[in-house]
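A.B. asks: Sequence:
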Amino acid sequence: MAQRIAIIGGGVSGLAAAWHLHTQSDPNVDVHIFESEARLGGHAHTLTLDTEKFTSREYTNGTAAAAADDSAHGEEKKENGDEKNPNEVDIDVGFMVYNKGNYPNMTRWFESLGIQGEDTDMSLSVSLDGGKKEWSSHSLKGLFANPLQCIKPEFYTFLKDLLHFNAYAGELLLLPPNHPKRQVNIQEYLTQEGYSEAFASYYLLPMMAALWSSSHEDVLAFPASSLVEFMCNHKMLQLFDRPQYQTPAGRSIQYTSKIAHLLGKNAHTNTPIVALKKMVNTRDGDGIEYELFTNNHVSVGHFDHVVFACHSPQAVQILNTCKFTNPGLIAALEKVEYGDNVVYVHSDATLMPKRKAAWGSWNCMGKSEFLTTHLQKNSKKGREAMEGAASGFGNKLQQNTEEDNDGNNLEGENGRMRAVYVTYYINRLQNLTTSTDIFVSLNPHTAPRSDLVYRRQIMAHPQFNHRTHEGRADIKENFQGKDGLWFCGAYMGYGFHEDGCRAGFEVATAINGVALPWVKDVSAAESTDLLVLPPPDLAKITFEQNDTFYRRLKRLLTYRIPVAICKAFVTRFLQSAITKGQLVLKLNDGSELSFGDGTACGDDSFPVTARVFDDWFFVKVATEYDLGLARSYMAGQFLVEKLTKKEDYPWTLRTPKMDGVDTENEANDIIGDPIGLTRLFLLFVGNRDTSAIGLRSSKQHTYANALQNASGLAISKIGSLVNYLRFKIFMDNSERGGSLKNIHAHYDLSNDLFRTFLDKETLMYSSAIYDAVAPPPAIMGQPSSGLVFKGSLEEAQWRKLDTLCDRAQLQPGQTLLDIGFGWGGLSLHAAKKYGCHVTGITLSVEQKALAEERVEKEGLGHLINFEVIDYRTFARRKDNQGKFDRVISCEMIEAVGHEHLGEFFWAVEQVLKYDGVLVMEAITTPEARYETYLRSTDFINTVIFPGGICPSLHALVDASYKWSTLTLEHIDNIGLHYAETLAEWRRRFNANEAVVRKMGFDDVFMRVWNYYMTYCEAGFRSQTEHCLILVFSRPGNRALLPLSESRSVTQMKCLTKEEVETWIE
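Residue numbers (the UniProt record's numbering): 1 to 1065.
I should point out that these hints are in silico values taken from the structure, not numbers from a laboratory. Bear in mind that the values here come from a model prediction, so they are computed numbers and not experimental data. You may find that some hints are simply not true.
[Claimed, not checked] Below, in silico cross-link-like pairs of lysine-lysine (DSS-like), each with a Cα-Cα straight-line distance of 25 Å or less:
| # | residue 1 | residue 2 |
| --- | --- | --- |
| 1 | Lys367 | Lys160 |
| 2 | Lys100 | Lys141 |
| 3 | Lys642 | Lys586 |
| 4 | Lys277 | Lys323 |
| 5 | Lys141 | Lys356 |
| 6 | Lys832 | Lys883 |
| 7 | Lys760 | Lys832 |
| 8 | Lys141 | Lys367 |
| 9 | Lys235 | Lys100 |
| 10 | Lys160 | Lys554 |
| 11 | Lys335 | Lys323 |
| 12 | Lys335 | Lys476 |
| 13 | Lys476 | Lys277 |
[Said to hold, decoys possible] Quick list of simulated restraints, FRET-style, between CB atoms:
| # | residue 1 | residue 2 | range |
| --- | --- | --- | --- |
| 14 | Leu556 | Ala249 | 49 to 57 Å |
| 15 | Glu647 | Asn281 | 40 to 48 Å |
| 16 | Pro176 | Val868 | 17 to 25 Å |
All C-beta atoms in this analysis are idealised placements derived from N, C-alpha and C, irrespective of residue type, glycine included.
Build out the structure end to end from the sequences listed, making use of the hints.
C.D. replies: Written out as structure tokens, the structure is:
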């Protein structure tokens, strides 16, 4: 019985699949193609223009043409040119050009159909700001079309960067596929590689917008490796030996009509498919078949295979009508994004470059103010951000707006392509000889004159970002051909006609198992089993062409020799530094370096494996120690690999389940395994803090410098000194702006960013206090390796707020000063629960703005007042002297700096009533390492909290003694709770990666934030960093009597093993 195949979509993918299945399959194969329009071809769209009347008309074919004999006869005559008047001309408005090198399947297909091509010009032109910046690749005269550009340095910067890009971009493709640099988008690539704004705006960004009909935002999100691969394979990274492009002679209607004639009545035009029904095959009772329906739920037949050669949104609509459709398939298709474009066919030359010498075949018209490598409005803000956060600093989460189907919001100065639009010069592209110039413009900023417009229509193009790449990979790997459903389209490649053609052929050959006719000769010659010709891969050839003697010498002197030296130092160093546990470094050449004896380090029995992608990792570590390790990770030079099974992780690090969030799959090619990072830091700490170490502080090294403890590495001293001097000079916490600058760099990153991981109710950016208990030890006589935590982050933060208020013995109606109030969580709680009059001070403008919104929402404006002011300035006001009953400072003291600790206690002394109480939550460094800590820099006080210092308890008590009359009354250590808080923040942050990226934050920032959270978690998890709640007051303060009650000063009776097990359950 004949096998019936339905192809939904009459574009190039559907036509290619239909042709092959119809001509190369068993005679019993019955192929039907269904197209919603009155013609086949999709973007292969030919129009007949009347250049005198400024009108247009379409060709029809398939069953739509057959429905009217006169129309069909007319079409035939039009193909022969018999009915055209002298003013009429055929043009293509979608598919226009191809070349033999990059379109191997299409050119051979055309040859088999007898379709001829003619040479065409593919020059590019860029015209910005009304012609102020303008050039064309058409000729030397076009390059300098605007004479004023010759005296502007930025124009030569563009040319210099263009040559550099052409020479070095291809190296990206030589990196391993899972290298983090292969995952970056264009925005990140241009920034990280140091390309100028001139290069981006004069060339790369406009060119990409023209090629893919994409908005500026979509261009910046385009995967850099895909662009470089495309440019390599299309020989766009070279000045010479570029391919000669052709355009179909007689336009694309020539080939679409031949396919329509070949299929005859099986080419169903004007027949949209709107629904699909899955059922058991009724003909042989075995297998699956599908019934398809057109408008009014009219059945068009039963089919064994259904090929979706339509756009992904249409495929989703059809598949959603079938209750048996796999949800995973729908999710994959929904990731493949399309963007609508308004297309004008016109003769209005005002939509072309100002100077005719600058006219090219492809003309990018735009505004330089939008053609930048960043999405934020004020790029100078990025200079104020903490290291690694410039990409999204100060940005807010923008709400998506739905696009109108008529495209009214696509065009215009504020439309989808407000940065740049493209105008095609059809006369040059398609070798027209009309006296009137003809253009095709996509999403123009200003509509062409209505009397010069032939046609306006909407065309959709695939948008290439990471989501689209993930979606199509998922379709290919997990759903292609499953249960007889197939998917093809230009989105399976780069989005061009050859990609759609090849995708259609790949599906067709997979169905019938027959190679394309022109592939058989190639396969025989190369001894391969090809079914479809693959796209060319010229990356290695391009690299070899650019690999000059000078480049090889430069690489030897500036890369290979420093790497070899530093690798030897670091290897020797790690051999002595890592004695317990095991650290494995996997290198690019396939070799591995292993350190340690392989025994358990703490409760971790498995090796920590780091994949080193770039050997410059050794140079960074050797010259900067822990800062080098951090910056190497930030740059993507190494990632930590995931363990095989969840059970392999220490039980204290295993991820709990979160409602609606997949927290067990945090690891990816961008950040590696974040839990693995925590394991790496715990390995360092475990090898630093051994029972054999009994040295004094001056002999030891800080946790931040954990690698230094086992042995010195002299080569790093210079780098460490430079980092320290930078820290001391540029990251001071003085009252005259230093503190404000440092606070601004971190806390003003973006309120929306912090919302992605903080608890949803209090927005507290400090340790929570969980419901926790220590489980029975695994080995009798040994302590437990950690706590078991219960409850949500929200519950734990409320518990912490209550604890702070309890330690302060806060009473109704009292006055409270909240120093460093964050987003107002503590202030709101004190005012709402106790009716306190709260004054909050901060140096963060963004925090104050959001906190005030929250106060207004709660209706507590009469009780709470916030101010942006330094604590020292605030204390000098006479009206603040002895004003406050209580002062609470929650994790603010770390931003003060060691030299200014006394000033803090002096300020509190000034504003606190005589019987007042100061409660301070502080992250502290153990005394044994504090002296060395003060003489060094680390990742936290250099990158995350510029200028910050985590004081020792002794330093705090000493400062309170020397600068005030306050004395320490009570201490709580909640460090282990902080470890769990940080782990939960990390899980929420990674679960909201898509939201973080919408704010403009890039891969570097994703790594920075994961490094920060895991770095700190390891310190608290190992109990080598502390989080203390400290209570200070003047001697004899009876307000603190409750803190001396039995419940506060005695240890509760230990739980039995049975009670603990019941609690854990």
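A.B. asks: Under the constraints set out in the numbered hints, which ones does this structure not fulfil?
C.D. replies: Checked against the structure, the hints that fail are numbers 2, 16, while the rest are satisfied.
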